[in-house]
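Participant: Read off the chains here:
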Amino acid sequence: MRGFRANYERFQAVNAEIIEISCDPVAVQRAWTASMTDEDDESDAVQFPVASDFWPHGEVSKAYDVFNEERGNSRRSVFIIDTEGMIRWSNVYTDSLPASGELLHEIEQL
Amino acid sequence: MALQPGIPAPDFTLNTHLGSITLSDLRGKVVVVGFHPASFTGG
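Which chain is which? The protein sequence lines are A and B, in order. Each residue of the first sequence is one higher than the one before, starting from 1063 at the first, in the working numbering. Each residue of the second sequence is one higher than the one before, starting from 40 at the first, in the working numbering.
What the hints contain is simulated information worked out from the structure, not anything from laboratory work. Even for Gly, the Cβ is constructed at its ideal location relative to N, Cα and C. Treat the hints with care, as some may be off.
[As the list claims (entries may be wrong)] Pair by pair, the computed Cβ-Cβ distance ranges are:
(1) A/1074 <-> B/58: 10 to 20 Å
(2) B/46 <-> A/1096: 28 to 38 Å
(3) B/44 <-> A/1163: 15 to 25 Å
(4) B/44 <-> A/1102: 40 to 50 Å
(5) B/59 <-> A/1147: 33 to 43 Å
(6) A/1096 <-> B/67: 26 to 36 Å
(7) B/80 <-> A/1163: 19 to 29 Å
(8) A/1077 <-> B/52: 16 to 26 Å
(9) B/46 <-> A/1105: 36 to 46 Å
Based on the provided sequences and hints, a complete structural model is requested.
Facilitator: Right, here's the structure in full:
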């Protein structure tokens, strides 16, 4: 998430949009993105959507098969979807965070 | 575990901190969809 934010312009430069999702309510997503933002600087806002998969709980996470039934939340994961709506790359992260450089490299290969 | 490459991405509409978004509205762009366990943690 923070890596996506730091590299957002690089994703935009390769015609990519980012959607970040968790099972938190949208009020939490608003508070979380606000907490990362300097409220006196509009350009500091989180520019890509941070989405709530809260209700029906985890419905989208389940559709992508990354819902953790034991914990009731989403597994850390990334999917790259091409311009035609096909999944072209996916990964689940168990002990690391998504690396923007790797994702940008994969996008450039599409 | 996790949908694999080569299949259509399930469409969705979700509320976000920037308003509602629908995946299929972004056709023509590459979309990076990231899931994380809980906001206010590592993200």
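Participant: Hints first: check each against the structure and report whether it holds.
Facilitator: Going down the list of hints, with the structure as the test:
Roughly 19 Å separates the CB atoms of residue 1074 of chain A and residue 58 of chain B, a value that falls within the hinted 10 to 20 Å. In this structure the hint that residue 46 of chain B and residue 1096 of chain A lie 28 to 38 Å apart at CB holds, the actual value being about 36 Å. Between residue 44 of chain B and residue 1163 of chain A the Cβ separation comes to about 20 Å, which falls inside the hinted range of 15 to 25 Å. Separation of residue 44 of chain B from residue 1102 of chain A is about 43 Å and conforms to the stated range, judged on CB atoms against 40 to 50 Å.
Distance hint for residue 59 of chain B and residue 1147 of chain A: a CB-CB separation of about 18 Å, inconsistent with the stated range 33 to 43 Å. The given range of 26 to 36 Å is respected by residue 1096 of chain A and residue 67 of chain B, whose C-beta atoms sit roughly 30 Å from each other. For residue 80 of chain B and residue 1163 of chain A, the hinted distance range of 19 to 29 Å is satisfied, since their beta carbons lie about 23 Å from each other. Between residue 1077 of chain A and residue 52 of chain B the beta carbon distance is about 22 Å. The supplied range of 16 to 26 Å therefore holds.
Under the hint 36 to 46 Å, the C-beta atoms of residue 46 of chain B and residue 1105 of chain A, about 38 Å apart, fit the expected range.
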